[in-house]
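Visitor: Chain by chain, the residues run as shown.
There are 4 protein chains.
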Amino acid sequence: MDILRVGVIGYGYWGPNLTRNFFELPSSEVIAIADLSKENLERARAKYPDVVLTADYKDFFDKELDAVIISTPPKTHFPIAKECLLNDLHVFVEKPITLNSRDAEELIDLAEERGLTLMVGHTFEYNSSVQAMKDFIDDGELGDLYYIDAARLNLGLFQHDSNVLWDLAPHDLSILMYLLGQKPISVSAHGMPCAFEGIYDLAKLSLLFPNNLMAYIHVSWIDPAKVRRVTVVGSKKMAVFNDLGIDGKIKIYDKGVEAPAYTNGFNEFQYNYRSGDITIPKISYDEPLRTECQHFIDSVVNQAEPKSSGRSGLAVIKILEAAERSMANDSTHEVLEW
Amino acid sequence: MDILRVGVIGYGYWGPNLTRNFFELPSSEVIAIADLSKENLERARAKYPDVVLTADYKDFFDKELDAVIISTPPKTHFPIAKECLLNDLHVFVEKPITLNSRDAEELIDLAEERGLTLMVGHTFEYNSSVQAMKDFIDDGELGDLYYIDAARLNLGLFQHDSNVLWDLAPHDLSILMYLLGQKPISVSAHGMPCAFEGIYDLAKLSLLFPNNLMAYIHVSWIDPAKVRRVTVVGSKKMAVFNDLGIDGKIKIYDKGVEAPAYTNGFNEFQYNYRSGDITIPKISYDEPLRTECQHFIDSVVNQAEPKSSGRSGLAVIKILEAAERSMANDSTHEVLEW
Amino acid sequence: MDILRVGVIGYGYWGPNLTRNFFELPSSEVIAIADLSKENLERARAKYPDVVLTADYKDFFDKELDAVIISTPPKTHFPIAKECLLNDLHVFVEKPITLNSRDAEELIDLAEERGLTLMVGHTFEYNSSVQAMKDFIDDGELGDLYYIDAARLNLGLFQHDSNVLWDLAPHDLSILMYLLGQKPISVSAHGMPCAFEGIYDLAKLSLLFPNNLMAYIHVSWIDPAKVRRVTVVGSKKMAVFNDLGIDGKIKIYDKGVEAPAYTNGFNEFQYNYRSGDITIPKISYDEPLRTECQHFIDSVVNQAEPKSSGRSGLAVIKILEAAERSMANDSTHEVLEW
Amino acid sequence: MDILRVGVIGYGYWGPNLTRNFFELPSSEVIAIADLSKENLERARAKYPDVVLTADYKDFFDKELDAVIISTPPKTHFPIAKECLLNDLHVFVEKPITLNSRDAEELIDLAEERGLTLMVGHTFEYNSSVQAMKDFIDDGELGDLYYIDAARLNLGLFQHDSNVLWDLAPHDLSILMYLLGQKPISVSAHGMPCAFEGIYDLAKLSLLFPNNLMAYIHVSWIDPAKVRRVTVVGSKKMAVFNDLGIDGKIKIYDKGVEAPAYTNGFNEFQYNYRSGDITIPKISYDEPLRTECQHFIDSVVNQAEPKSSGRSGLAVIKILEAAERSMANDSTHEVLEW
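If you read the protein sequences in the order shown, they are chains A, B, C and D. Residue numbering for the first sequence follows the working numbering, starting at 1 and increasing by one per position. Residue numbering for the second sequence follows the working numbering, starting at 1001 and increasing by one per position. Residue numbering for the third sequence follows the working numbering, starting at 2001 and increasing by one per position. Residue numbering for the fourth sequence follows the working numbering, starting at 3001 and increasing by one per position.
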């Protein structure tokens, strides 16, 4: 194919951003948009008067599309994605890929059988700051990693059919597995419904990765400050990715502590602290979503496994399921099987 | 007594601050200072040429002192405090009061029997910003509290005979119990030794208070950024105490979320977010340590129970002990008995 | 007319933003876009496949347009705007309206004669934070104003046919006159070419307004930090509009100083400082550009004088001309005649 | 002499800090303190019970002192310093050294004749961050300097016998001359009395240094935010000294702009922006005042010219005098003769 012909399913909160990118990228074309809400379709019409608009995505199946972009409420991801795969369309689906691992596995198998691309929207894997952080880690600049601490906090957006774990934690889980190139061994989680009964709006996860590396995730829909931060602490240096940073998004701290070679005779260790320069590296900014959309196109065209493949979406789901079990069970340590 | 005659035991990191305050307050006088290190005594001599200096605090017992101020390594708190009480001296001891609850109880009993004041250095109970936060909570300005999240992070100072839990968490535990006027029901904790084997330099605590109020504490000796923050989230407003704030230390956020009265018929709740003004109240600054030292003097003179009494020190110790059990035991929920 | 039919002239740096807004607003329609650069027209085509694209804006004159939106290099503003007015088109032109006041007056006269709307793109007059600041001033909340201090700094964007005065100062001049509802009495200016000979990339202006109110403007293309700040100091309160503020864009400081009623007898006045709460008022955010575009449409439809009329554009030009004379003449005080 | 015997004259706002340092430094001893206020003497007694206290500094002259430290209201600097020099005492005097250059010259001559040290309290010349900035400049890391922009703003402290120019600008003037190792060629200044008639509480200075280097100073007693900032812009890099910086006080920006080698044929230059890493170098912190006090002691002992000699104090006064003439005269450019 020369140009990927895509249909967008779901034009609510996030769909417009995906649509804009696929519309503007030269190697794709948005042929049709589906949404249940008339109002959303009106908004789409104002921007894209030539695109086919419909309330029913099944109308896509006779449009000679190559791929669909699914950005609907999470519980509809599975049935829609499945139907699209069965209609031989490549699928890009927003995170979380499905609401349970069984469904995710079914989608993966289906895509594989039919030779279709299945990609999940883990945007941060296409973020140049996250990429820079991964490079610092892989180059050994931080030394051996001790732990990673991630926080993603703000007020809202509450969703009645989801909770903060399924809404926000996929971002951090996909970041962690991408940064480390590994999957966690176990997870323990604690959640709390604050504003409304039964809706977890605060959650804290502890994940054990190989080599005793711990990772912590704090997500909240009910915090006064907006926070988007990942701290990586290593034996040589420490680094922070603050997506809201003003001077720059990554800070590298030349900081550490070392055991003393000797004691001072009074039974007092003299620890050696190293507190050197702080560097804010220049990272060229590309819109991560654009990079992601282009990657989907390339994956389809080259029949290559995307970075954020269905399998990577499944890994996130398996951790979320285990975290939910842990949350329901007094924060038990749930071992993950891969 | 007209003027409290005090002796200071321990002139290392924190002792000089206590000494300066008792020296300058008009209702107390520093008569003597004891420290094992010659170097520390030299530093004391440069500032206070008239004060008696000694390597052995037992020399205090014939100096007609009223009280001692103990700021020595934690493991020595108990034997020194006990000996001073037995010599009929009022005791101010730095946190943690002791290394176990049995010892703390013994000190409390001893002080009670002998009619002596026993106070522990929970400085933040004398901090005007913490006091302002307590007033906001007590006045109902924040509504019903959902949770409190506290973080106390930085690089160092490692201590070979302590860990980050015993070193930093007492601050936050005393703040929490002071703010809420209640003791926690249970605690669960997770700790990690990063830089050195066997020394926990990162710890996370979850505490359940009455009325399902949760409190979280994150303390670390091994974090790139210095953080001193307590976030209080209520049903009406949210507040943050940032001890490093530039414009002011307390921010009140008129933010919240409410359930909708109706749904829009498409099975979509429309949550009502309230995101109003942010206020940074003017809080007059007094050096908390000075307030604390004056409170000790007043408690002795008036034979009144100090705010941060031995019992409040004991409460902190009991939580720390339970947290250690939890840390050693896969983050079990440890019920606290009061 | 039902829907304003507009043509956009200039699709370089800023034109795409104007185009997007007029395209999306329901009461206007973008019929055609003109630009000399093929590359820019390609970018326009990717977004707006149905819009007529041309290298020559004269092609607009047979398109039954109602209005043109001019966002071309400043030196072309006058000839293009004039020609469009002569072709009976309403004109929205970016700031600075022209490169000299004579030209601006000619445009104003021409528009008046022909009953056409002439509006200049002083975006900040449509910014909700600037509006809020004006309300605080007008309501007397700040008391009598002492001075206003504005800074607009960053690195770049250098333009070879302009300088920092003509590029950035129009924003602050239009903000000042809008906030105060008055024109300055005199101006004194200093400029400096740093990076390239003959191109002023740093300028400082001092403006005297009625009632001895002073206003200072600092603009720079060659500063390490990005700054967008307007400080307003009054006798009762002080306020800062920081367009890059994280918590909010406006801060109101309840701060001031008052003379003492008496002296202490040692010839020392005891000034009374008032340093109360800081408030960050919630200001609902609307894209200023959208508000501005809608205002242009409304002004045309209602045949009403726009807020940022040609006359307001002319006022800015007259100040810039006087500032240039001052800069060329050792910062003389140039009196402005209105 | 083994140990410098000093007397402190003036124990109000700043005197206690000087006293503390001379008291604690091992090579000096505070023998006596003079102050007109009983209250101030009480405060001194509480800290230094052994030091001689007096209302009249003339009592010092029979105390076998080596030096005096003068920290009294500016208008008393000259008579007190003169009398002390006449009594063969080395003199450390706070800035501004005197209220006019004639008096400063008389002090300088007097000290020279009698072989006495005369030093003025330009603290920032002893600040390790300012020193680091000077090193960056001298090492050529910033390239050729374009300009320096300094701001020193806050609310208060108003003084009835001074103004903001004489109170705050000496800091920045001494920093500038120290950083550049040069004196300015001319100065132009603008001042404004806001809160009280006749008291300038806001001032802006423009200084021309050799090589067309411009320096700007903005000082204010009536600004909502506390600002302590010096920006240095060079052809290779830019640097900011922010004395209130949280991560660190100096930031080096690898930023610049270069002219293009060619144009793109459409009469549009393509400037090359360089926007690289930002570095916050680790600068070891020493209390500048302690370094300054030690430097005074060393200068006396070694009979060496101090960095902030009387001559450097005189240079500041001459600029202040010229700035006042300029302020009184519509911001004329006042040429400085050295």
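No lab work stands behind these hints, which were simulated from the structure alone. A portion of the hints provided could be inaccurate.
Pair by pair, the computed Cβ-Cβ distance ranges are [as the list claims (entries may be wrong)]:
1. D:G3198 with B:R1274: 56 to 62 Å
2. A:K307 with D:R3274: 48 to 54 Å
3. B:G1181 with A:Y285: 34 to 40 Å
4. D:R3274 with B:S1284: 43 to 49 Å
5. B:S1284 with A:K307: 29 to 35 Å
6. A:D139 with D:D3298: 32 to 38 Å
7. A:S275 with B:S1275: 25 to 31 Å
8. A:K307 with B:G1181: 49 to 55 Å
9. B:S1275 with C:E2197: 30 to 36 Å
10. B:S1284 with D:E3039: 47 to 53 Å
11. A:E39 with B:G1140: 51 to 57 Å
All C-beta atoms in this analysis are idealised placements derived from N, C-alpha and C, irrespective of residue type, glycine included.
Visitor: Quick check: which numbered hints come out false for this structure?
Guide: 1, 2, 3, 5, 6, 7, 9, 10, 11
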